Amino acid sequence: MYRQVLDPVAHSLAWSSLVSALPLLTLFVLLGLVRMRAWLASVIALAVSVVVAIWAYGMPTGQALLAGGEGAVFGFFPILWIVINAIWIYTMTVETGHFDVLRRTFAQVSDDQRIQAIIIAFSFGALLEALAGFGTPVAITSVMLIAMGFKPLKAAVVALVANTAPVAFGAMAIPIITLGGVTHMSSDTLGAMVGHQTPILAVFVPLVLVFIVDGRRGVAQTWVAALTAGVAFGLAQWITSNHLSVPLTDIVASLFSVVVLVALLRVWQPGETLGGPEPRTVVAGGAADEPTPGFAGRVARPDARAEVVRAWAPYAIIIAVFVLAQINPIKGWLDEPTRTVNWPGLHITGASGKVSTLPQFKINWLNAAGTLLLISGVFSAIALKVGVARALRAYRATLVQLRWAIVTVMAVLGLAYVMNASGQTITLGTWMAGAGGFFAFLSPVLGWLGTAVTGSDTSSNSLFGALQVAAAGKANLSPLLMAASNSSGGVLGKMVSPQNLAIAAAAVGMDGKEGDIFRRVILWSLVFLAGMCVLALLQSVAVLSWMVP
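In the numbering used here, the protein residues as written are 1 to 549.
If you're looking for bench data, these hints aren't it; they were derived computationally from the structure.
Keep in mind the model is a prediction, meaning the values are calculated, not measured.
Any given hint might turn out to be false.
Computed list of lysine to aspartate or glutamate pairs in EDC-like fashion (alpha-carbon distance at most 16 Å, straight line) [claimed, not checked]: (1) Lys151 - Asp516; (2) Lys154 - Asp516; (3) Lys362 - Asp335; (4) Lys385 - Glu95; (5) Lys151 - Asp511; (6) Lys385 - Glu336; (7) Lys474 - Glu95; (8) Lys362 - Glu336.
Derived CB-CB ranges, DEER-like [to be verified]: (9) Leu523 - Leu25: 16 to 22 Å; (10) Ala351 - Met547: 41 to 47 Å; (11) Gly215 - Arg339: 28 to 34 Å.
C-beta atoms are modelled at their ideal positions from N, C-alpha and C, and glycine is treated no differently.
Generate coordinates for the entire structure from the input sequences, incorporating the hints supplied.
Structure below.
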């Protein structure tokens, strides 16, 4: 059985932290500077993490490889299982032409690309995050933006930056629920605290989206709409998380922001309209084609109401399936086959001597978000009148489209598990926790780091939630604030995660150019992170301590 050591390099926590950061530095340098393909950069970084685990931490080779294997499998299920089925549903809507109908429905609200970025990437993306999470909003909204005339790179950047404020409450608040489990705190209380942080972020995100689309001119001309959507979302997120229901937070916030924005657009419009290139049809992978004669004909004639209903049917079905899955009798039935097994051959003990729970692998086929999306896809195929053979061909096309993203995600999760199992992650966290009261400023950075590596705020909370609480006790800080800051900071690491970069690149047809996307989003990620760090620090002292429940 392998026992973790926190300071294996010269018995120094600082030197050990430097060495343990090598896999992450390798990953970001290869992506951002070398411009290497994400799947190859992730595989190399995984190899570096294994070498560090064996050479620096003394982890047996077999244990390191088994940890990487468990992470890779976890990357496929449940994470890729969600993405694959979400993209499959999208692919069927494209092939039947109903995605074009949906695109024209959004265009009827506003033909201004800056407004479309807010409605589609921010509000509609938040709804998708609330229901599925794990990269689904990025995959779907980026190709929707392409259909509206956005260039692939800009569509990917907008989708990634928009997928921030809703993340902590995504997938029916799974990150918050997980955080409650590892910290032994009430998920309702944690949700309330996060609801005093991410709503502030939500106010600024639409403004940044408008800036990305059209620069300063865009902000000057559409700040009214951007602030309206951001404030409406933030207000609804705060009220719902604190007074109604933590799992329903993003559903309420996303729908409320759309309703308020649409109401505004009935009485106000920007002085100029940014139309951009002609809207295009899209194929699997987000590659844009010239409009076909059939497409041009559909643009010239209004869509029949039945076709509009059918275009929205898949998303209505997704909402219905996920809501039904939360009803106690149905949820209990879905939970019955769930089993937790120990990963064969993997035995780990923490530095304190306590047996690690990392080798425990949860198998929950029925109630997994990906399975619910698969069920939604079957019903969507019926609603869209897609035959079995055609649906299967669409599924195969989806797997082909995502093949490199699959390798990337599995490699990155393998890296995360090796770092966690060997002790590299805890070394980094413990070193940062030695900052005393200033740890309140660094707390969101830990969450950011965890999500940047794993692509999941849920995984980040699993990695660092308990550490945040322990560090808070040593630094005389609020454990609730530090735990919540981990999740709130984590949402900002999602846009730079190789996993989500790969999903975005695959969706918009930019496979191999993840580094280009990374360079466009890293600055926004760091700017938002700095703001969250300042907020957490102020909430830890008298200035904003009244915001801590």
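Violations among the numbered hints, reported as their numbers in ascending order:
6, 7, 10 and 11
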